[in-house]
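K.L.:
Given next are the chains, with one letter for each unit.
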Amino acid sequence: MNAVRLSVRNVSKTYPKGDGSVLADITFDVANGEVIAVVGRNGCGKSTLLQIIAGLLEPSSGSTELRETESDDIAVGMVFQDYDKSLLPWRSCLDNITLPLEAHKHMRALERRERARAFISDLGIDLPLKNYPYEMSGGQKQLTCVVRALIRRPALLLLDEPFAALDYFNRHEVRKSLQSILAAMNLTCVFVSHELDDAVLMSDRVIVLAGVPTTTRRIVILESPRPRTDPDSVKRPREEILEALEVA
Amino acid sequence: MKHPILLRLIAPLILLGSWWVVVSLRMVSPLILPSIPALSHAAQSLLLRSPGLWPDIGATIGRSLVSLAIAAAAGVPLGVLMGYVPLIYASLESGLEFARAIPPVTLFPLFILAFGFGELSLIATPLYGCIVIIILNSTYGVIGVPKVRRTVGRLSGLSRAAVFRKIIIPDALPQITVGLRTALSLSIVLTIVAEMLVGTDRGLGRKIYNYQLSFDSAEMYVAILIAGVIGYLTNRLFVVCQRRYVHWTDK
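Chain order of the listed sequences is Y and U. Residue 10 in my numbering is what sits at position 10 of the first sequence, and the numbering runs on without skipping anything. Residue 227 in my numbering is what sits at position 227 of the second sequence, and the numbering runs on without skipping anything.
Because the hints were derived from the structure by calculation, they are not lab data. From a predicted model like this one, the values you see are computed outputs, not experimental measurements. Ideal placement from N, C-alpha and C gives every residue a C-beta, glycine not left out. Treat the hints with care, since some could be wrong.
Label pairs and their calculated CB-CB ranges [unchecked claim]:
{"id": "1", "chain 1": "U", "residue 1": "Ser94", "chain 2": "Y", "residue 2": "Asn32", "range": "50 to 58 Å"}
{"id": "2", "chain 1": "U", "residue 1": "Thr182", "chain 2": "Y", "residue 2": "Ala164", "range": "32 to 40 Å"}
{"id": "3", "chain 1": "Y", "residue 1": "Ala164", "chain 2": "U", "residue 2": "Gly95", "range": "39 to 47 Å"}
{"id": "4", "chain 1": "Y", "residue 1": "Asp25", "chain 2": "U", "residue 2": "Val85", "range": "50 to 58 Å"}
{"id": "5", "chain 1": "U", "residue 1": "Leu233", "chain 2": "Y", "residue 2": "Met185", "range": "34 to 42 Å"}
Coverage of chain Y stretches by chain U, computed from C-beta distances (three or more under 8 Å per stretch; other residues unrestricted) [unchecked claim]:
{"id": "6", "segment": "36-49"}
{"id": "7", "segment": "111-119"}
{"id": "8", "segment": "233-243"}
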């Protein structure tokens, strides 16, 4: 068993003005190189959980701990549902990807671009580097966001509904690329989705959130090795998740 | 923009055609609507002979640009600051909205009391109108930066200053540009109106008023048309620059 990379311990979130608790007592570990899917109904607090892990929100109680190694340049890389708002429309695809490298003050623009080009070709994906976001397809835009989130080699990759804004074909393409990137980089990843197919095809374990306030209803383990492409091969865990969601 | 030039000429041709019909049928007095030959004669003497109307055209454009430049230099930073710091926005917003509701021309008498009859009063009027528009648009530009975009900057490890410079300013730029473009048209209009009131003998506004007093209708029309042409051309020029330098607008 790989070493634990992320620990989420008894995390709860309450909003003082809202209708009480959103998340109650969420606990799980993520091993190094493991891909965890978090599923649940709309508004159950999946994204809130992800933002707490990212350090964008403080939990009301409980804690999260991320163990970084020397090869990690940054703690987390994050991809959001809305790629149009997430990308910078005044920058080309390549210059969007180099944005996180600009935090390295000593690195020159030429070096940043070289680094990004090499990284993209290592990943084996094809992006229109000179194009502006408004000249790209939805799938290309979301992949750009993924590459940007990874360029500084984060200890943890967080994906917040990464496919929700994509149409069928783009969704398929991005999922395929993402699966190969996750495997190639041996990434530790937590992703939130309300699509069960994404969850059962891409992850090692699925955390099912349900209830009011939201608690961990069930953790479903996927035995077969990644990458999986055939939804029929994961029928059983899919039904298990559905069942857990419907009890709520 | 993609329409052929012929299509764009339709409106001016209809205007010219109806003008010609109305004048040749003597439907109105030539004092209100001079004939087209009289108009072209006036245009020739005002534009082809030296100095003609050129010093006035120069004075009007100069005043507009000076007022616009001052308004932009002060208004853009102030607006950006307002949008960036919620406390400043909260304390200034209602005051600015109130200031916007006051027609700038009504302040002209006040400017005369303060600055006397002269260039300062003539520039202060368009300056007032422009700066309010520029501040508000810059503020809204910064407020409108998507939260996700700021988050991306922070998560990328950029400093606060870098997020401001690399994300917030470029993101606000299209809206800032909208303010500048509106202010550009407004500065020309307000300069001409101010020139009509008092304080100068140069300027298109003054000339239009004088021609009316001396019943030189044809000359008056020429000056009015020139004012229109200036507004049209500066706006076109601005749009060309906007497409070139703020290419992500509306994308």
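K.L.:
Tell me the hint numbers this structure goes against, listed in increasing order.
P.N.:
4, 5, 6, 7, 8
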